[in-house]
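Colleague: Model the full assembly from the supplied sequences, consistent with the hints where possible.
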Amino acid sequence: MADPMRIRAQAAGDKTTVRVLMSHEMETGQRKDSSGKVIPAWFIQEVSATLNGKPVMSGQWGPAVSKNPFLQFTVKGAKAGDKIAITWIDNRGDKRTDEATVS
Amino acid sequence: MQSRREMLKRSAGVASLLAGLGLLPQAAQAAFNTAAFEAKTMVDLVKALGVSAPVLSKDVTLQGPDIAENGAVVPVSCATTLPGVKQLLILVEKNPSLMCAMFDVTDAVEPAFATRVKMGQSSNVMAVAVMSDGKVLYAMKEIKVTLGGCGG
Chain Y
1 MADPMRIRAQ AAGDKTTVRV LMSHEMETGQ RKDSSGKVIP AWFIQEVSAT
51 LNGKPVMSGQ WGPAVSKNPF LQFTVKGAKA GDKIAITWID NRGDKRTDEA
101 TVS
Chain G
1001 MQSRREMLKR SAGVASLLAG LGLLPQAAQA AFNTAAFEAK TMVDLVKALG
1051 VSAPVLSKDV TLQGPDIAEN GAVVPVSCAT TLPGVKQLLI LVEKNPSLMC
1101 AMFDVTDAVE PAFATRVKMG QSSNVMAVAV MSDGKVLYAM KEIKVTLGGC
1151 GG
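Protein chains in written order, with this note's numbering: chain Y, 1 to 103; chain G, 1001 to 1152.
Careful: at least some of the hints might be erroneous.
To be verified - Derived pair list, reagent style SDA-like, types lysine to any residue, alpha-carbon separation capped at 25 angstroms:
hint	chain 1	residue 1	chain 2	residue 2
1	G	Lys-1144	Y	Asn-68
2	Y	Lys-32	Y	Gln-45
3	Y	Lys-54	G	Pro-1083
4	Y	Lys-67	G	Glu-1069
5	G	Lys-1135	G	Thr-1081
Think of the hints as simulated: they come from the structure by calculation, not from any bench.
Modeller: What follows is the structure, encoded as structure tokens:
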């Protein structure tokens, strides 16, 4: 199981900046190991965010997103105390959801 | 005459029903768009996404460094000031696959995303905005990479 995400959600006026740092290898499937075998691709395919349980954004990623991906986006209309949850699913079917409170 | 009118009406109804059905799977489609992420050229990508060819626009912005020291971690952000954006994409032209990331924009979020991407070599990076009216706009920036991020 993957390590937890680090999520910060800071409200400024009616806009909340959400910064997420996920912990994932993001292996491209292009690299070879020391014995010359191709390391199979392993990357986050889908990312989604909810605000108080309501979906606000989703995205699809390819293997070209960096290792331990960073994502920043801005949610409208969130207040301090609201819950932001981020979910990712990788190409092996692993998934992880973490939640943060808007401050 | 009457029957013909009725028939026309009915066929229109069927057509709109079909259109609705045709659209539904697309809207509910959460599955990974493998074809789009494996596209090697703009032509393939546009085909895989089912959109029109992108047009250069000042209203889409792409931010990133002029020179990236480490191609494995290149911070880029894409944004647009236009309303009615459906999707924002980040593309790196000379990567093995063109598309890096695709974001579905809803009313609840600003059409602005920042992330970090890998770049194999110096290349043009594009931010593409797919508008809900079918227009496709892009912004482009060249980022030079001193150390590639794709090799072992």
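Colleague: Output the numbers, in ascending order, of every earlier hint that fails for this structure.
Modeller: none
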